[in-house]
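The primary structure of each chain is shown beneath.
There are 2 protein chains.
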Amino acid sequence: MTRIALLAIAAAIASPAAAQTLPAGLVTPVADDVAALRDAALKDDIAWDIVEGLTTEIGPRLAGTEAEARARAWGAAKLKALGFQNVRIETYQMPVWVRGEERAEVISPFPQPLRLTALGNSGATPAAGLTAPIAYFPTFGDLARAPDGSLKGKIAFVSHAMEPTQDGSSYGAYGVARFVGPAVAAKKGAAAIVIRSIGTDRGRGPHAGVTNFPDGVAPIPAAALSVADAENLERMVKRGKPVTLKLVLTPRQTGTHESGNVIAEVPGSDPDAGIVLVGGHLDSWDLGTGAIDDASGVAITAAAAKRIMAAGQPRRTIRVVWFGAEEVGGFGGEAYAKAHGDERHAAAAESDFGADRIWRFETNLPGSATAVGDRLQAALAPLGIVRGTGIAGDGADVGPMMAKGVAAIDLNQSGLRYFDWHHTPEDTLDRVDPEQLRQNVAAWTTMLAVVANAPEEIGAVTPRK
Amino acid sequence: MTRIALLAIAAAIASPAAAQTLPAGLVTPVADDVAALRDAALKDDIAWDIVEGLTTEIGPRLAGTEAEARARAWGAAKLKALGFQNVRIETYQMPVWVRGEERAEVISPFPQPLRLTALGNSGATPAAGLTAPIAYFPTFGDLARAPDGSLKGKIAFVSHAMEPTQDGSSYGAYGVARFVGPAVAAKKGAAAIVIRSIGTDRGRGPHAGVTNFPDGVAPIPAAALSVADAENLERMVKRGKPVTLKLVLTPRQTGTHESGNVIAEVPGSDPDAGIVLVGGHLDSWDLGTGAIDDASGVAITAAAAKRIMAAGQPRRTIRVVWFGAEEVGGFGGEAYAKAHGDERHAAAAESDFGADRIWRFETNLPGSATAVGDRLQAALAPLGIVRGTGIAGDGADVGPMMAKGVAAIDLNQSGLRYFDWHHTPEDTLDRVDPEQLRQNVAAWTTMLAVVANAPEEIGAVTPRK
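Order-wise, the sequence lines are chains A and B. Converting from the first sequence to the working numbering requires adding 340 to each position, the first position being numbered 1. Converting from the second sequence to the working numbering requires adding 340 to each position, the first position being numbered 1.
So here's chain A without its partners, still in its complex pose (with noise of 0.2 Å):
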C-alpha cells in the first residue's frame, strides 16, 4: 500500500463516516465456502507430490529436448490421475540450442579455473579455446558507453551490483546485462563476453539464461561466470595488470524439433462465462533439477485447481497448461495464444516466481468486475497478502492472452531468494520450503474460488503496457 493511501485510511478512520469511505476490500465479508477452501488448502500435500515426483522422476527439461518430451507425458498423466478433464498434449515446433562443453581459465596473471555457463544462443569457440585479453564493464551501462570497434579482439567482461527485491524488480534492472550485453559487445566488435551472473547469490553455480542476437549481429561466444568466480575476476582487474582469459564453449543450434503445452480442464457449468486460464511452466534450465523454476508454478496451480474441482463444478471452466519453452522463448505461450486466442478467456494469471511465500496480489480487472478484487483482497488478507496499487500482467506465458485484452491477476511471491538460485545448478528440490508451497496452493485456491465463481461480467481490459 502506497504511502497515500494509507493517509487515506488514516483520515477516513478519524472521520464520522469512516464506514463508508474505507476501502472496500478492507470491510468486504469473505464468504464461508472460500475460507474454508482456503484454509484447507494450508494443509495441502498435492503440490508439493508434484514437484517432488517431476525433480526426481524427470529431473533437468530443457526445451525441445527428450527430456521435455518425458516431462509431458508424465503430466498428462499425473493431470489424469489427479481426475482432470481434457487432458492433452499440444505439440508445436520450436529451434532448439544446446550446451557443450564449458570451460575457462584465468591464462595471467593468476592462472586458475573459473565456473561458467554459455548463455542460451551464445555462439562457439573455436574447438580448441579463445584466448584474449579482457575489456572490464563495471555496468551495462559503461559497456553500452564503449566506442565501437574498441572490443575488437577482446572478451568483454560486464559486471553489476545485484541485490534481493521482493518484487523481483532487480532482475530486470541488471539482467539487461545478459539480455542484451552480449548483442551490444558484439556490435563492438568483442570475440567473447562473459558476465557476472543474473543472480542475487555468492556461489559457485554460475546462472543460465537466454540471450538474444539480433538479425544481421552474429552471435559470439556468451557466458555467465558464477558470483564467486566474478568477484574473483573483478578483484584480479583491480590489481591492475592486464587479464587473459581462456574460453572453451561449443553449443550448437540444432535445428527445428518438437515441444509441446499439457492442458487439462475443470469444465465450468456456464460456458459463456470465459474460461479462467491458471498454469505455469513444465521446461526448465538444464543445469539444475527446475524445482523452484517451475516444477512449483505448474504444482501450485494444478493443485489449487484440483481442491475447486473437488468441492463441486465452478460456473467457470479453469484450463490449467502446463506451458513447454518458455525458458528459450516463450514458445508455448505463442502456441497456446495461436490455437486458442479465439476462445473467449474470462482472466489468466501465471505462477513462474518459485514457491516462497506471496506477500501481494493485483488485478487489471474490468469496471464490471469491481467487487471482485475486493472480494480477493478480504479473502487473501488472513494469508498475510496485501492489495498492491499497481496493474496485474505478469508472465511470458499467459502474456500473449493478456495482450488481447484478458483480464490478469497476479499473486506475486517474494522474491527476496528467488535470485539465489534461478537457472543455477542449486535449483533443486530442497530449495522449496513445503510450508510456503502450501501458502501458495492456498491463495491460488482462493483466488480461483473467487474469480471462477464470480456471478459479475469479466470481460476484456486495456492490456497493461
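Derived by calculation from the structure, the hints in this document are not laboratory data. Just so you know, nobody snuck in bad clues.
A pair counts as met if it fits within one copy or between any two copies, since identical chains are not told apart.
Below, in silico cross-link-like pairs of lysine-lysine (DSSO-like), each with a Cα-Cα straight-line distance of 30 Å or less: (1) Lys744 / Lys678; (2) Lys578 / Lys492; (3) Lys383 / Lys420; (4) Lys420 / Lys581; (5) Lys492 / Lys586; (6) Lys578 / Lys383; (7) Lys420 / Lys578; (8) Lys528 / Lys492; (9) Lys581 / Lys492; (10) Lys527 / Lys581.
Guided by the hints, dock chain B onto chain A, whose structure is given.
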C-alpha cells in the same frame, strides 16, 4: 563447561571461602600488554590480506601440482614482506593423485544427470564408463554388515545423516563413510561406490576428500555425490524399483612429485625455552579456492605471529609453518617432524577449521605450566571463548610433533557452517566473514602473547590418545 563444573562454581560462590575455591582461570588477572595486543588485533587486516591474496592470485592448489609450487613461492614472498626471519621452503617428495573426467547419470528408472566428484585415491572406471545397479545402504553400518561377496557387480550407495556440530564431531562420526567406506565396499566385491557427500549443506557442490585402500585391496571407483543429488537418488530408491547408474571417473596416480613446507620465524630471546610452533596448511582441494580450508589458517597464524613480532622480541621463538600436502595425507606434517623432530618445541597449535568464531580453547600442558592455562582462560574470555574440559591435540600437521610429547593448545572455531562448504567448489573467499576472521586473529595473538612469553618451563606431556 560441564554441568558438574557449573555446580562446583555455584557451590563455591555460596560458601564463605568463595575466593579460594573458584577456578583460578576465572579470577586470574590479564596483563595489560596482553589485553592491548588482543584488542588491537580485533582491527587486524593482515589475515584478510593473506586470504584474499592467496585465493585471488593462486586459487586452487592441489598438493604436488605446479599450483601448489606457485603457492609456496607466493607464501615465502609474503612472509618475507611481513618481516619474518629465516623464511625458507623445505621440500619433500610425495605420490600425487589427480582427478580426471567425472560424470554420472541415472540410466533407469528416472534418467537424469547427477553431480559427483571422485574421492582422492579413487580407482578409475573404463573410459567409456561403468554401468551397474546400485545397492543402497542408509548408513555406513549397513554397508559394513553386508555379507562378503554380496556387492559383486554393484555400485554401493552409502548415505548418512550428518548434521552440523559446533565442535565438528559429526565429521568423524559420519566421515567414516568416506574414510573407509570405499575399502569396505571393495572388500565385499563392489564394482564402485558412491557416497552422500560428507557435508551439512543441501547444495549441488560435491565434497571431495581422500579415502584409503589398504595394501592388497585394489582401489575401486569411489565418488561423493552432492547432498542434493544423494537425496534425489534416495528418493528414487524409495520408489522401490531397481536403480541403475552409469559412472565415468578417470582419475589416476601420477607418481612421485615435489611438495613442500614454507617456514618463517620470529626469533625468541631465549633459545632454550623451546619453539612455539603454529600454522595451517597451504595446499587445498582442487574444486574451490581453499579460502576456509585453509588459507584462513595460514593467514590467522601468520597475522598473530606478525603482531607479536611488531610488539617486541618474545621469549620463545615463534615458528610459523604453512604446511604442504595436508589434504592428501599429511605429507607436510610428516616431513616437518622428520626434519625438526629433535629440536626443542615448547608447544604446538594449528588452525585448520575455517575462520568462524573461536568459541572454546583446550590445552595439554605440563603441570609446571598450569598457570599458563589459567592466564589463557582469563585473557580469552572477553572474546567469548570458554575453556573446555577435554585434552588438546588437534591438527593433522602438528600431530606428529604432538605425538612426540609436545604440549598442545587448541583454539576451536565453530563448525556450524564449516561442513556446508568443506572440500566443495563453494570454498571461496565469500565464505570468510571478515569480522569473525579478526576474532580469530585476536584469539591467536592472545595465545601467542601468553605462551611465547610465559616465564614457566613448558616441557613434555603425555599426548592425547
